[in-house]
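Those protein sequences? They're chains A and B, same order as listed. Those letters in the first sequence? Residues 1 to 447, by full-length UniProt numbering. Those letters in the second sequence? Residues 1 to 447, by full-length UniProt numbering.
Hints were generated in silico from the structure; no laboratory data involved. Wrong hints could be hidden among the right ones.
So these bits of chain B aren't anywhere near chain A, every CB distance computed over 10 Å [to be verified]:
id, residue
1, S77
2, D161
3, H315
To give an idea of the interface, some chain A residues facing chain B are shown, with a C-beta separation under 7 Å as derived from the structure [to be verified]:
id, residue
4, Y48
5, A66
6, A69
7, R73
8, L86
9, Q90
10, S91
11, D93
12, K129
13, R198
14, N201
No more than 27 Å apart at the CA atoms, straight line, and that leaves these computed lysine-lysine pairs for DSSO-like [said to hold, decoys possible]:
id, chain 1, residue 1, chain 2, residue 2
15, A, K145, B, K145
16, A, K350, A, K375
17, A, K337, A, K350
18, A, K129, B, K145
19, A, K129, A, K164
20, B, K278, B, K129
21, A, K337, A, K98
22, B, K375, A, K145
23, B, K375, B, K356
Every residue, glycine too, gets a C-beta built ideally from N, C-alpha and C.
Read off the chains here:
Protein chains: 2
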Amino acid sequence: MNELQSPGKETRSRQALIVGGGFAGLNAALQLGNVKGVEVTLVDRHNYHLFQPLLYQVAMAGLSPADIAAPIRSLLSAYQNISVLLGEAQSVDLAGQKVQFDFGELNFDYLVLACGATHSYFGHNEWEKYAPGLKTVAHATEIRKRVLSAFEHAERITDPDEQKKYLTYVIVGGGPTGVELAGAIGEMSRFTLSRDFRRINPSHTRVILVEAGPRILPMFSEQQSNRAARDLENLGVQIWTSSVVTNINEEGVELGEERINAATVLWAAGVEASELGKSGGMPVDNRGRVIVEPDLSIQDHPNVFVAGDQSSFTHQTGNTLPGTAPVALQQGTFIGKTIREELTGKPRSKFRFHDKGQMATIGRSRAIVELGRFKISGFIAWLAWLVVHIFYLTGFKNRVLVVMQWAWSYLSFRRGARLIVDRDSSSEPPKAPEAKPEEEVPVSSEP
Amino acid sequence: MNELQSPGKETRSRQALIVGGGFAGLNAALQLGNVKGVEVTLVDRHNYHLFQPLLYQVAMAGLSPADIAAPIRSLLSAYQNISVLLGEAQSVDLAGQKVQFDFGELNFDYLVLACGATHSYFGHNEWEKYAPGLKTVAHATEIRKRVLSAFEHAERITDPDEQKKYLTYVIVGGGPTGVELAGAIGEMSRFTLSRDFRRINPSHTRVILVEAGPRILPMFSEQQSNRAARDLENLGVQIWTSSVVTNINEEGVELGEERINAATVLWAAGVEASELGKSGGMPVDNRGRVIVEPDLSIQDHPNVFVAGDQSSFTHQTGNTLPGTAPVALQQGTFIGKTIREELTGKPRSKFRFHDKGQMATIGRSRAIVELGRFKISGFIAWLAWLVVHIFYLTGFKNRVLVVMQWAWSYLSFRRGARLIVDRDSSSEPPKAPEAKPEEEVPVSSEP
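Just chain A, same shape as in the assembly (with noise of 0.2 Å):
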């Protein structure tokens, strides 16, 4: 059956697949780069490395999306036995070993399954027009663009609740991404804006974190959970806690009996696994995720291995483990790995996750880090986040970039990205018969 094993086929070039740029496909190839007696096909359906951590700074007018995305093509283009392809992946042929993309069909000898997950929205889609979530950096620039345009729209406005509503910003989900959502939404209406505006006082902004459990960032502990609140709250975040949203409509978020008016509602609350692994009959958990044998491969196929967001793990502690950049990492490199050994015949080793601590940043100079018991708070945590966050950045300018970016903003309290863009609106229709040169480039001006 696996035709991996069978003799005679020695001379010819494994062929393996990642379906996937993300931290877990990127790292599987890397593994894989010049390595002898494998062809490498890297697909994805963007042509960029998202550093999916810092997304919400793009979000948040940060950070461009070209500061924190890397073009794949470029990060492996040292590799002659990697291609790189845009192109999106439609369904799986585990028996006939090959995978359906939009573009046409590839064959693998070895798959790696690294497709991620997308925000849930605990079946109401329906609310995702009224409260997007932050998964790709399309989500990112449309945030950063409902966020800007409600202070924009309340500088025009004189009606004070209608103004109240486009001043009131409702970020549901209190884990890592909710809190940075409204930590930087609380910073830049204290700050960055309230000197921008004439006609409204953006310090009137309400920013509501609202959370369903007992409190913000469980997975800290108590002690870190609540100097994280409490940060939040100097920066103007109102925190919400045991509170499930009930509906969520074009006037706000509803919870039970309450309702908050709102014209901007950000999700943060859920993810589900790429659907990928459940269309193609490999066996999948509750969340989407496709269950993996220790050596990260699915059952009766040690050939086909699934890694990163898209799988679900379940570690030595007995838990599954949860879909952040570490573990995508760390998987994608075994699997890399596995594959380059199992060719000159070593046999094939478990998954171990070494679990290396959590951080959560609070605005822009804050943060909580916890690595069992070593905990720390405050600006050293902020600048332990910053270190840690641009060291993994990929990519030497990017990282020197980011820097210089960070430091302007922090110096300034501007940020540097506070573009609306909308691909449409910008162009009119163009009539006249006739047409003027070409603009010129200045090379002058009044003193």
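Here the structure of chain A is known, so what remains is to put chain B in place on it, guided by the hints.
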């Protein structure tokens, strides 16, 4: 008739309304900042001021939109008498001294119209979808997406004719923008992308610059124009002069009997002024530009000024001024100064354009510069181009970051912002009723 001179109203503040936050509008506002006796409202349909001369760099993935744009609010936040509103002007009522916007009506004592221009397809608006022009950030990101997607598509297909079509780029219009786009695509395909692709050879790319006139860059001397043509040809750009486009469709471009199959066509051939002047009953020339008096006001309405690309001003030489950034900048400054001085009773002077020369850049290390008899070209001219553009780029932070981006691109042959971002393609519909915890930020990884 003219209430500005009417006695008894001396004590109330004048309302100065500026429509458009480009070079003209912004500089008019800057002259009126913190001036007593005048309240300024600047309305723009975007929340940012755009450094348009570098927009082609955004289209060519060298810079991010935020590098060349700054929020108008921030630029004017030091001036308490200036309000900035986001909105689009719909009509001007000269007799009633008011402007209708999408959000409501504003009255004015002084009006400054500086709405700029958009591209013109010479009566063939149906070409726009096949051949986008470059006037806004949205245009630039659309062009970037098309150029990069064509390379990605060529990598995925095998049919040689189809591949050739996807690797053919036609730029219509041999002015500075057309030359900049052609040079950048030529360079990108020869150097930046050549090592990143496996299945195609990006150096097989054809970049064709089509110009209706007998030579490119007609505003420069013949000597300089020829030099630019040679520099472009060294980057692999083919120049077709005296070639008139007769049709553009999804297959490519038709030039009379000839045709070029091309998946990507860019339009840099002509622009026309905003429609606002014409619809307000103002005197316009055949390109839709409002004809202005020597003081940049319009006939019979000394309190209404039109500046920049939207205005048609007859120069001391007898020619109308071109739609360039230096003209807009100087006109805006002049108008702001005129209003400021009129408040103190000074008589008006006439606008005089100070021509400080012109430049065009070809790829990442060549340019031509011309000021009367003074002409330079090559690397020295490119350095001059660089210095001038950095100097005029608004805001310290942007300047430093842009220099760094360029230094990086120059040293590495990479392009920093090679992202294809499509707003809709990236969100999968969420479905599962359960969700997993929010993602955490990475603090660790395998070495």
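So, going through the hints one by one against the coordinates:
1. S77: 5 Å, violated
2. D161: Per Cβ check, B/D161 is outside 10 Å of chain A; nearest 17 Å; holds.
3. H315: 14 Å, holds
4. Y48: With a closest approach of 5 Å, the A/Y48 hint holds.
5. A66: 4 Å, holds
6. A69: Constraint on A/A69 satisfied, holds at 5 Å.
7. R73: 4 Å, holds
8. L86: Since the shortest Cβ distance to chain B is 4 Å, the answer is holds.
9. Q90: Where the cut-off is 7 Å and the nearest Cβ of chain B is about 12 Å from A/Q90, the hint is violated.
10. S91: 14 Å, violated
11. D93: Since the shortest Cβ distance to chain B is 19 Å, the answer is violated.
12. K129: For A/K129, the interface hint is violated, since the closest Cβ of chain B sits about 11 Å away, which is over 7 Å.
13. R198: 4 Å, holds
14. N201: Constraint on A/N201 not satisfied, violated at 14 Å.
15. A/K145 to B/K145: Measuring from Cα to Cα gives roughly 20 Å; hence the hint holds.
16. A/K350 to A/K375: With Cα atoms ~30 Å apart, A/K350 and A/K375 exceed 27 Å; violated.
17. A/K337 to A/K350: 12 Å, holds
18. A/K129 to B/K145: The hint holds at about 25 Å.
19. A/K129 to A/K164: 21 Å, holds
20. B/K278 to B/K129: 25 Å, holds
21. A/K337 to A/K98: 22 Å, holds
22. B/K375 to A/K145: Status violated; Cα separation ~45 Å.
23. B/K375 to B/K356: 12 Å, holds
Going down the numbered hints, you'll see the structure goes against 1, 9, 10, 11, 12, 14, 16 and 22, while the others check out.
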